[in-house]
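Engineer: If you're matching them up, the sequences are chains A and B in order.
Count the first sequence with numbering that gives the first Met the number 0 and you get residues 0 to 340, in order.
Count the second sequence with numbering that gives the first Met the number 0 and you get residues 0 to 340, in order.
Calculated from the structure, these hints are not laboratory results.
These numbers were taken from a predicted model, which means no experiment stands behind them.
Misleading hints may appear alongside valid ones.
It does not matter which identical chain is used: a pair holds within one copy or between any two.
Below, in silico cross-link-like pairs of lysine-lysine (BS3-like), each with a Cα-Cα straight-line distance of 30 Å or less [said to hold, decoys possible]:
hint : residue 1 : residue 2
1    : Lys232    : Lys323
2    : Lys309    : Lys87
3    : Lys249    : Lys225
4    : Lys49     : Lys249
5    : Lys225    : Lys133
6    : Lys309    : Lys323
7    : Lys232    : Lys284
8    : Lys309    : Lys133
Protein chains: 2
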Amino acid sequence: MGRKHSNPLAPDRRRFIAGMAALPFVQTAFSQQPQPSADPLPSWTVGALKQTIVDFVQRTTNPRSSDFVAPAERIATFDNDGTLWVEKPLPSEVYFMLAKVKDLAARDPALAQRQPYKAALEGDSAYFHEAGPKAILELFVRTHSGMSQEDFRAEVQRFLATARHPKLDRPFTALVYQPMIELLGWLRASGYETWICSGGDTDFMRAFARKVYGVAPERVIGSELKREVRREKGRLLVWRLPGIEAVNDKEGKPIGIDARIGRRPVLVGGNVMSGGDIAMMEYSKGRDGPSLQLLINHDDEEREFAYAEKDGASLDAARTHGFKVVSMRNDWQRVFGETGR
Amino acid sequence: MGRKHSNPLAPDRRRFIAGMAALPFVQTAFSQQPQPSADPLPSWTVGALKQTIVDFVQRTTNPRSSDFVAPAERIATFDNDGTLWVEKPLPSEVYFMLAKVKDLAARDPALAQRQPYKAALEGDSAYFHEAGPKAILELFVRTHSGMSQEDFRAEVQRFLATARHPKLDRPFTALVYQPMIELLGWLRASGYETWICSGGDTDFMRAFARKVYGVAPERVIGSELKREVRREKGRLLVWRLPGIEAVNDKEGKPIGIDARIGRRPVLVGGNVMSGGDIAMMEYSKGRDGPSLQLLINHDDEEREFAYAEKDGASLDAARTHGFKVVSMRNDWQRVFGETGR
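When you get a sec, could you build the whole thing from the sequences and use the hints?
Structural biologist: The structure is reproduced here in structure tokens:
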């Protein structure tokens, strides 16, 4: 292309070249040339963990490395709640459920007298502790079903446009972790496909994944309701039914990844909270060839929230299998983007 | 880039530019320049149907057209059996099932005495006509389950490497329709994502989709067995269970597309045989904005096989909804690639 030494580049030419870098085959060509000196992960603290990530991405994309991974195999999957955005005090989707119960009760006052809706409206967390996951599941199914896919996604978008986090008082979509946004972008620029594989409803996450994470709807793997095809005014619709089709958590994650992607991820991001990402990380570890698992530890009470698992299963698994633990407090220069907090 | 008039291009430069055309954003930039005169669909007969396809792709990728479709929405889905490759006298996957029953019976002779395995081994088609789809389903489940995903895909690849079509005496993977291969390639070069959405087992199709069609494993939507996670020698595996999870046919197709892609296809290819693609085509037709549905009619006894639906449902639906009917006899200059037949 005769432009190796043609700096400074005109802005539109720079944009064009930056765009090309997203292409695996171009990346391959570029990786043999001197790397630009700009840090692709400026919000990560300089240190061993950051170096592990940088080395891994460089080795797996360098055709002369024995750890080279062909572009077609460069799959990276990330949990969402607690890995890409805040999940405390409750995951954002739970606030969506509570807002939706309010709407439903306004249209059908009898609902407010029935459990678990009554407890949801009154913020009666003792009820939910006692009733267990079945009560939450009933809320989930009721608030997520009974409409077309198109209507559901529009509903989620309306919620996210106005709702604010109860403690941090910002829109939920502003509470994404800046270091992870940088990692997603750098992986894509290095020829990796970035996927979300999380416990939330697939279509809830699809409503914002492209805008917030640069992840297209077809690359979002989540929990699923049953569906059916309906015709309304001669138009065929996919309708959300009140029944669970798949729970994308724990061992459901490798199954979801196999069903949706058809190969093992090379890089996985997850977090300490409920052991939900261990199976996805082990599945990645079991691939033939290099792999990297990043387990985010929420140890930053000052800038976010500090919380741990009761049984310590995720950190135990990290020691056993060699997953890398990311300390939010030590490994992240900042947590959120806009405020620099 | 200063290369508009710099022909003749060096070969490596031509390759680079051809590769770039696969990128939606580059395609968008290029589409405002004069189009190359080479016919992107040389195996399609010049005429109204070909012109419809060419016009549609050009309109939907031209930013100055009112029918412009943003690159992120350019989804094309294709049935496989009878749309991208031969499905007569039986779909290739049925020959895989029969070969597998032979293997299973060699290891377990008692199987050869039990139905439906006995009938399969003896080629007793009368039995299957009488026993109905349940018998076929039992063969399907037995031959497709009881192994890891990795082992299953390797098994399919071994089968396809040696098996030959019983009438046309060529490997199954050579019996793909050349006009459709050209269409898939041109769509991708025009910024469309090409997907397979077919009734066969997802992982059966994944075993050859990239090599034969240029379609990556994550873009194959098919029927699915139930799965579970197992550990073998400390390695986590996804295991194929003997139970049906989803049948990707008829109304199962819009549901599969919604689950996997999350939006309606702009362009759909299917074929006349069992009405299996009508719902997928109606679903596409129901999108906001332009769409095109191509229904392949097998009317070419000389070069392939001539067959029709008993109830004519697909052709009726084409008339009702405006799907375009592709006559293999009239609209395809040739059917297969290598022989030019």
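Engineer: Hints first: check each against the structure and report whether it holds.
Structural biologist: Hints versus structure:
Taking the shortest alpha-carbon separations for Lys232 and Lys323, only the inter-copy value of 23 Å comes in at or below 30 Å, while the best intra-copy value is 53 Å. In this assembly of identical chains, Lys309 and Lys87 lie within 30 Å of each other by CA distance solely inside one copy; the values are 16 Å within and 59 Å between copies. Taking CA atoms no more than 30 Å apart as the test, Lys249 paired with Lys225 passes in both settings, with 20 Å inside one copy and 17 Å between copies. Taking the closest pair of Cα atoms, Lys49 and Lys249 come within 30 Å of each other only inside a single copy of the chain (27 Å); across copies the shortest separation is 49 Å, beyond that limit.
Taking identical chains as interchangeable, the C-alpha atoms of Lys225 and Lys133 lie at most 30 Å apart whether they share a chain (17 Å) or sit on different chains (24 Å). For the identical chains of this complex, Lys309 and Lys323 are intra-copy neighbours only, at 20 Å inside a copy versus 60 Å across copies, given an alpha-carbon limit of 30 Å. In this assembly of identical chains, the alpha carbons of Lys232 and Lys284 lie at most 30 Å apart only when taken from different copies (13 Å versus 50 Å within one copy). In this assembly of identical chains, Lys309 and Lys133 lie within 30 Å of each other by CA distance solely inside one copy; the values are 21 Å within and 48 Å between copies.
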